[in-house]
Amino acid sequence: GQNIDQPTEMTATEGAIVQINCTYQTSGFNGLFWYQQHAGEAPTFLSYNVLDGLEEKGRFSSFLSRSKGYSYLLLKELQMKDSASYLCSQGDNAGNMLTFGGGTRLMVKP
Amino acid sequence: GAVVSQHPSWVICKSGTSVKIECRSLDFQATTMFWYRQFPKQSLMLMATSNEGSKATYEQGVEKDKFLINHASLTLSTLTVTSAHPEDSSFYICSAMTGLETQYFGPGTRLLVL
Chain E
5 GQNIDQPTEM TATEGAIVQI NCTYQTSGFN GLFWYQQHAG EAPTFLSYNV
55 LDGLEEKGRF SSFLSRSKGY SYLLLKELQM KDSASYLCSQ GDNAGNMLTF
105 GGGTRLMVKP
Chain D
958 GAVVSQHPSW VICKSGTSVK IECRSLDFQA TTMFWYRQFP KQSLMLMATS
1008 NEGSKATYEQ GVEKDKFLIN HASLTLSTLT VTSAHPEDSS FYICSAMTGL
1058 ETQYFGPGTR LLVL
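Those protein sequences? They're chains E and D, same order as listed. So that you can map any letter, position 104 of the first sequence is 108 in the working numbering, and since no number is skipped, the others follow by simple counting. So that you can map any letter, position 111 of the second sequence is 1068 in the working numbering, and since no number is skipped, the others follow by simple counting.
Careful: at least some of the hints might be erroneous.
[To be verified] Just the calculated beta-carbon pair ranges, DEER-fashion:
id, chain 1, residue 1, chain 2, residue 2, range
1, D, S1011, E, A43, 41 to 51 Å
2, D, K1021, E, Q29, 20 to 30 Å
3, E, E60, D, S972, 48 to 58 Å
4, E, Q23, D, Q999, 41 to 51 Å
5, D, H964, E, E81, 33 to 43 Å
[Claimed, not checked] Listed next, the stretches of chain E that the computed footprint assigns to chain D, with coverage defined by at least 3 CB atoms under 8 Å from CB atoms of chain D:
id, region
6, 18 to 25
7, 46 to 59
These are computed hints drawn from the structure, not numbers from a lab. Keep in mind it's a predicted model, so treat the numbers as computed, not measured. Note that CB positions come from ideal geometry on N, CA and C, so glycine has one too.
Can you make the complete structure from the sequences, with help from the hints?
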């Protein structure tokens, strides 16, 4: 199986920057996804990394290091609406099935 | 962007009855759809992978006779919870792949079994 580890909870201040880390097993790797999920809603796609490096998309950036089995999601200029769970998930090489980490619950405070 | 819908969004049923949940890709053809289940404050758990025209592949621990999945067309997959019981109460989410790597999620169906 694939073990994905990410912190359970994080707290940050509005306007600040927060980095959510994720580690995964490198075997059978086929892409690393980040999803945002607000309470009671389905996840929404944030980013997909398959090559090493940082990909920036507005206030959100995602980083991947395949050799280290490590990724992070960087959120800049935090807004209250960014309070949500952030799910790190890994695709495998057998049909792109996703395995999710436990999610990181981010609380943004004024 | 790709849109996936689910119906119904909310369902309450009596114990012992069966409930069908539909998952549709509205503007693309999805050769593969996935069904997930989520308990409160927990991560998504993959239940099964559904490929159009073939039998679904179930994850370990998921009863295929209880959770019937049909993927009759490239835009529709259904999940039927048979003889539902209170422990089946959960948030069921489907997702669909466009053929690229990204999965697009439906809005989810909240099932409450009384």
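(request) Check each numbered hint against the structure and report the violated ones by number, ascending. (result) Hint check: 1, 4, 6 fail, others pass.
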